[in-house]
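Q: Residue numbers (this note's numbering), protein chains in the order written: chain A, 3 to 92; chain B, 919 to 1255.
Heads up, simulated BS3-like pairs for lysine-lysine below, C-alpha to C-alpha not over 25 Å straight-line:
1) 1044/B to 69/A
2) 69/A to 987/B
3) 4/A to 1044/B
4) 35/A to 1044/B
5) 1044/B to 30/A
6) 987/B to 31/A
7) 987/B to 90/A
8) 59/A to 1044/B
9) 90/A to 1136/B
10) 31/A to 1044/B
11) 1000/B to 1067/B
12) 90/A to 1067/B
13) 1067/B to 1115/B
14) 987/B to 35/A
15) 6/A to 1044/B
16) 1044/B to 36/A
17) 1044/B to 88/A
18) 30/A to 987/B
19) 88/A to 1136/B
20) 88/A to 1067/B
21) 90/A to 1044/B
Calculated directly from the structure, the hints in this document are not laboratory data.
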Amino acid sequence: MKYKIRISGGFIGISQSFEGELLMSESKKQILKKVLDQDISVEANQNLRDSFLYNLKLEIDGKSYSKSFNDANIPIEIIELVDEIKNKEN
Amino acid sequence: MCTKTHCSIIPPHILEELAKRGSLSCKKTLNDTHRILQKRNTILNNLLLEEDKTGEGDRFVYDSLNEYKQQVKLLLKEGNPKIDDKVANEVYDKSGFVRDYFKDAFDLNSINNMGMDIISNIRYGKDYNNAFWDGDEMTYGEGDQVQFKDFTSAIDVIAHELMHGVTQFLANLEYRSQSGALNEHFSDVFGTIVKQKFYKQDCESADWLIGDELVTEKFPGKAIRSMKEPGTANDFDNQPDHMDNYYTGQDDNQGVHINSGIPNKAFYLSVLEIGIDDCALIWFETLKVLWRTANFNDMLDNLMAIAKKLSEKGEVNIGSPEAITNSFAQVGLSQAV
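Produce the complete structure using the sequences and hints provided.
A: Encoded structure:
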């Protein structure tokens, strides 16, 4: 899976970017694809302050996904993926 | 004209114009309407029909157990004795200090002046370098422990987040562009005031840094922001201290954490002239009359009106209007003639 991730905002306001490729099991890919294929239109929480903003561009098995989330609507599978990538790159 | 029951049929732009002309009831209706609409769209289906309940600002501290969830395990609630958890005890004590400051200084009954519960979530996520307010409660990460310590370690961070709640209920400043920068400004203002009160500092010896207790020695800077010298707190600090350098990009909700440096600097300069308690009162009273889309000039107009009124009543320094005028002029903001 190829990824390009930008995390911005938050109380500290310092952006972070990650770009690269991640080896992933077939079962994990299927789970991610299922999450990314959903129209994750969790109602925007307009009272959210100091949240991170997550902009993701992912490519899985040739299909591209471009998604944006904040701390109130990011799916657990995606935040865990972000953590995995951050650990790999740090 | 602008009662709660009538507000839904009055177009927002008319309410906004009336609010700008000084109608407090229209401002309240405008803010309430927007907030209620949001609530209706999320969890509560109709706040208008809900009975107003008055509480006492009880504190609740939950452990997220390093999951990305809130209210996972209740650790402490109001009146409980201390437990064997330093972070939980600290956030309980510090959020109580913030609550008591607002009560003592402005007779504000908790976040919403209705005694709303003060809910804190600690140890949110894994190495999570952030703290946020979500409209109902506060959430703190424990930091990566490399560049950032636990986000509850800094009293100004706790006051900053709690102040977002106060702002939501008093003015509901929209979180983008100038109104968003004002939202951040008010959180930094009361974050730093509470910090100075907590450490019994005076405005000349205080460092005027935001989040200095949060960063480790490995962080490339001394803090997250500086109200005294915006743009100098760390290697990434891009806050302007003058309208000449106003950020016009799209990042950070059009620069809410960036352009807040401009009014932050003006606040610092005002405090040097008339003292922190007078400024606190003037800023707090101003927040009460601002509205969702207020911009920097709207804030200055209202700061001046409030300062004039309070100085005439002898509640603040007689030189307050002039001091505020001069401070804002130094950051490139003047009242329209």
